[in-house]
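K.L.:
Using the sequences and the accompanying hints, generate a full structural model.
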Amino acid sequence: MPMPNLFELILEFLNETGIVSFFQNDGWMNLIMIVLSCLLLFLAIKKKYEPYLLIPIAVGMLLVNIYPDVYISSTGERGLLGTLHIGVEHEIYPCLIFIGIGATTDFSPLIANKKTMLLGGAAQIGIFAAFLGALLMSRFIPGIDFTAGDAAGIGIIGGADGPTAIYVSSLLADKDLQAGIALAAYSYMALVPIIFPPIIKFFTTKKERMIKMEQVREVSKTERILFPIIVTIIVCVLVPSCTPLIGCLMFGNLIKESGVVPNLVHTAANALLYICTILLGLSVGATALGTTFLQLKTLMIFALGILAFIIAASCGLLGGKLMCLFTKGKVNPMIGAAGVSAVPMAARVVHKIGQEEDPDNYLLMHAMGPNVAGVIGSAVAAGILIAMLG
Numbered sequence: 204m205p206m207p208n209l210f211e212l213i214l215e216f217l218n219e220t221g222i223v224s225f226f227q228n229d230g231w232m233n234l235i236m237i238v239l240s241c242l243l244l245f246l247a248i249k250k251k252y253e254p255y256l257l258i259p260i261a262v263g264m265l266l267v268n269i270y271p272d273v274y275i276s277s278t279g280e281r282g283l284l285g286t287l288h289i290g291v292e293h294e295i296y297p298c299l300i301f302i303g304i305g306a307t308t309d310f311s312p313l314i315a316n317k318k319t320m321l322l323g324g325a326a327q328i329g330i331f332a333a334f335l336g337a338l339l340m341s342r343f344i345p346g347i348d349f350t351a352g353d354a355a356g357i358g359i360i361g362g363a364d365g366p367t368a369i370y371v372s373s374l375l376a377d378k379d380l381q382a383g384i385a386l387a388a389y390s391y392m393a394l395v396p397i398i399f400p401p402i403i404k405f406f407t408t409k410k411e412r413m414i415k416m417e418q419v420r421e422v423s424k425t426e427r428i429l430f431p432i433i434v435t436i437i438v439c440v441l442v443p444s445c446t447p448l449i450g451c452l453m454f455g456n457l458i459k460e461s462g463v464v465p466n467l468v469h470t471a472a473n474a475l476l477y478i479c480t481i482l483l484g485l486s487v488g489a490t491a492l493g494t495t496f497l498q499l500k501t502l503m504i505f506a507l508g509i510l511a512f513i514i515a516a517s518c519g520l521l522g523g524k525l526m527c528l529f530t531k532g533k534v535n536p537m538i539g540a541a542g543v544s545a546v547p548m549a550a551r552v553v554h555k556i557g558q559e560e561d562p563d564n565y566l567l568m569h570a571m572g573p574n575v576a577g578v579i580g581s582a583v584a585a586g587i588l589i590a591m592l593g
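The numbering used here numbers the first residue of the sequence shown as 204 and each following residue consecutively.
Some hints here could point you the wrong way.
To be verified - Within a straight-line C-alpha distance of at most 25 Å, the following computed PhoX-like cross-link-like pairs (lysine-lysine) qualify:
hint, residue 1, residue 2
1, Lys-378, Lys-409
2, Lys-533, Lys-415
3, Lys-424, Lys-250
4, Lys-318, Lys-409
5, Lys-318, Lys-533
6, Lys-531, Lys-250
7, Lys-317, Lys-424
8, Lys-524, Lys-555
9, Lys-317, Lys-524
10, Lys-249, Lys-555
11, Lys-531, Lys-555
12, Lys-251, Lys-531
13, Lys-415, Lys-531
14, Lys-251, Lys-409
15, Lys-318, Lys-250
16, Lys-409, Lys-531
17, Lys-524, Lys-409
Calculated from the structure, these hints are not laboratory results.
P.N.:
In structure tokens form, the structure reads like this:
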């Protein structure tokens, strides 16, 4: 058998590089995704927009668009990231992340001021508005054919809850849309400090933003322990399909408030939460292959996502204004904007705006009530959609 000459060896090597693939078929789409992944890395590292998840997502995108076989090969065999994605397909990572969220979240503000749960519920209107919007878009816009399952995944973006959006889309949405839904959810979560202030200032007056609220009462340890148990029983009996999310969230909070398993709390709040965040981010990013991600549907997902986000914040604020009216000015309506699930970022934004109006106005703990309710509300909304469509 004759030996190949040097020129043939060089050509064979070049054909095996990723550079050649960018100029074959739809390879240019992968090149665009590489640029997009670098942009996400810039936003995460330089601007610090949700870096804990955007960095793993961006790296997953980068790897899969350079070497698609790292996710799944042309013969259908799973690569490294494809194997990790099994945790998304079986809803493992989102639920484990909810354990970590429960272990790091203080439910006391919600327990002390239970009426703020209504504000968390009001903000979930954005979820169902986006759900209906996606269905209407499919009906009236040629080339858009979102299924009800796709619409459900898109709707959860309005709850500003990345893990829940991934959980619902992995169960109901088309596989090619899951990366778009996840990226939209986490992108808008990261942009809460930019998106929320103009919405809040549009719906509230300076006088309303300066309202000081009474200090929340101290919540007993017994109340803090009973709360996750009671919520689990009531919510999971009424909406059984949300049991994985609510059960994990309340389990994480219960071990925190029990005070008897500090090592479990430390593990859940640190190692477990961050390990699952890495695995989830890499897995989701690996589904953003240029040839499947760059399509009209993805652009519509981002459009519907921002619409849902704005509606959610607006409904929370309108609920806050009603509560302010009924309590004769004792509730600052801005806390309604914190009814989305971005914990504790949304509450911090409300607190910051309040301090800009009056440095002595401390709204953080008051805003945490609807913020925690938003986490519970988005999980319940997800359970309702799963029960309807699953």
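K.L.:
Would the pair Lys-318 and Lys-250 pass a check requiring their Cα atoms to be no farther apart than 25 Å?
P.N.:
It is violated: about 36 Å lies between the C-alpha atoms, which goes past 25 Å.
K.L.:
Would the pair Lys-318 and Lys-409 pass a check requiring their Cα atoms to be no farther apart than 25 Å?
P.N.:
holds (24 Å)
K.L.:
If you draw a straight line from the CA of Lys-415 to the CA of Lys-531, is it 25 Å or shorter?
P.N.:
holds (12 Å)
K.L.:
Regarding the pair Lys-251 and Lys-531, is the alpha-carbon distance no greater than 25 Å?
P.N.:
This hinted pair is violated, its Cα atoms lying about 39 Å apart.
K.L.:
Hint check: Lys-251 vs Lys-409, CA-CA at most 25 Å. Holds or violated?
P.N.:
Cα-Cα ~29 Å, so violated.
K.L.:
Compare the distance between the alpha carbons of Lys-533 and Lys-415 with 25 Å, and conclude whether the hinted pair is satisfied.
P.N.:
holds (7 Å)
K.L.:
Are Lys-531 and Lys-555 close enough, with their CA atoms no more than 25 Å apart?
P.N.:
holds (24 Å)
K.L.:
CA of Lys-531 to CA of Lys-250, is that 25 Å or under?
P.N.:
violated (40 Å)
K.L.:
Decide if the proposed pair is consistent with the structure: Lys-524 and Lys-555, CA atoms, cutoff 25 Å inclusive.
P.N.:
holds (19 Å)
K.L.:
Does Lys-250 sit within 25 Å of Lys-424, going by the straight-line distance between their CA atoms?
P.N.:
Cα-Cα ~39 Å, so violated.
K.L.:
Holds or violated: are the alpha carbons of Lys-409 and Lys-531 at most 25 Å from each other?
P.N.:
OK: Lys-409 and Lys-531 at ~17 Å, within 25 Å.
K.L.:
Are the Cα positions of Lys-249 and Lys-555 separated by 25 Å at most?
P.N.:
It holds: about 22 Å lies between the C-alpha atoms, which stays within 25 Å.
Of the hints listed earlier, those the structure fails to meet are numbers 1, 3, 6, 12, 14, 15, in rising order.
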